[in-house]
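Colleague: Chain residues, written in single-letter form:
2 protein chains.
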Amino acid sequence: MERKGFTLWFTGLSGAGKTTLARIVEAELLEREHRVEVLDGDIIRTNLSKGLGFSKEDRDTNIRRIGFVCNLLTRNGVVAIAAAISPYREVRDELRNDIGDFVEVYVKCPIEVLAERDVKGLYKKALAGELKNFTGVDDPYEAPVDPEVLVETNSETPEASAAHIIARLEELALVSRGEPQASAMKK
Amino acid sequence: MERKGFTLWFTGLSGAGKTTLARIVEAELLEREHRVEVLDGDIIRTNLSKGLGFSKEDRDTNIRRIGFVCNLLTRNGVVAIAAAISPYREVRDELRNDIGDFVEVYVKCPIEVLAERDVKGLYKKALAGELKNFTGVDDPYEAPVDPEVLVETNSETPEASAAHIIARLEELALVSRGEPQASAMKK
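In order, the protein sequence lines correspond to chains A and B.
Heads up: the first sequence is residues 1410 to 1596, going by the working numbering.
Heads up: the second sequence is residues 1410 to 1596, going by the working numbering.
So here's chain A without its partners, still in its complex pose (with noise of 0.2 Å):
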């Protein structure tokens, strides 16, 4: 069956569950038989922007190159599911005019939390003024205005986010309503 391809785009910041969220969604989607590709910061960092810094101008190259794939993708058919902090208000919004079919998520979790979290270590060298231009420590986040999704990380859980997300794209009819169709079948 041939489905229709869209961005969803997922912003916030680091250690908020961007990539966490997005394999969820992409595992949803591909059981109801989307085609699905996942280009989350590391990937595309490695593959299309390595030698870029985390200047305005060179965060900005990046999430346009990051746009530009997903338009290839989203125009094609396929779910591009971009997760990276894409900081920048007007960068976002550029690609959504580009780009037509864009959903946005803003994964929302207090810094406090993230800070608390620290997962990878980077709050803290940031805090400390070991690492520079960390997002939402020295280096700014622009908070979308109104994403056609909001979710709220340090108070639901990654499945229930994800399930929110999904009823979201169900609404806005760019996915299938109702039960996957492999678990349908299972039944």
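Do not take every clue at face value.
All copies of an identical chain are treated as equivalent in the list; a pair is satisfied when it fits inside any one copy or across any two copies.
[As the list claims (entries may be wrong)] Straight-line C-alpha distance at most 25 Å; calculated SDA-like pairs for lysine to any residue: (1) K1413 with R1444; (2) K1534 with R1412; (3) K1413 with S1423; (4) K1459 with T1470.
Don't read these hints as lab results, they were simulated from the structure.
Once you have looked at the hints, place chain B on chain A.
Modeller: Showing chain B alone in chain A's frame:
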């Protein structure tokens, strides 16, 4: 109807006809209801590789980025057509291994003919030493050893070369044989 994705990789000197052939083949494949994206050198230098130069290292990085995108498209059922000089054999072979469904088209034309035509005036500058690192003049071009298709654009028309490529894709069972559906319907 679901079509199989593959990468059609054009390699050859500047001015040999890579982009021209890519566009003719694109039109024919669209007619046959494939999904197609053309990634030519200019599109990529603008969107993915701004800032890269023409050293071997930068050229290889540029080609790997095109390959990364071709791979994403190919595995999602799209025909990815790359048209870039891609002078180094090793990185082309690396992409062939990574992508799997990879068809290399060597667009061959003697450099004397290209320098004589010199549509963009680049050969004149390169031969005068005003343009450095120009492939075929003062930078190497490593021709494919055993490409799936060889077209010699000094001795045949673009249409003939394109027909040659399509015939080979049919042989490889990557595109369906016979009349394109749209043409057939007109009869």
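Colleague: Could you run down the list of hints and mark each one as holding or not?
Modeller: Hints, one by one, checked against the model:
{"no.": "1", "hint": "K1413 with R1444", "in the structure": "both (9 Å within a copy, 13 Å between copies)"}
{"no.": "2", "hint": "K1534 with R1412", "in the structure": "neither (44 Å within a copy, 50 Å between copies)"}
{"no.": "3", "hint": "K1413 with S1423", "in the structure": "neither (30 Å within a copy, 37 Å between copies)"}
{"no.": "4", "hint": "K1459 with T1470", "in the structure": "both (11 Å within a copy, 9 Å between copies)"}
Figure legend: structure checked against the earlier numbered hints; hints not met, in rising order: 2 and 3.
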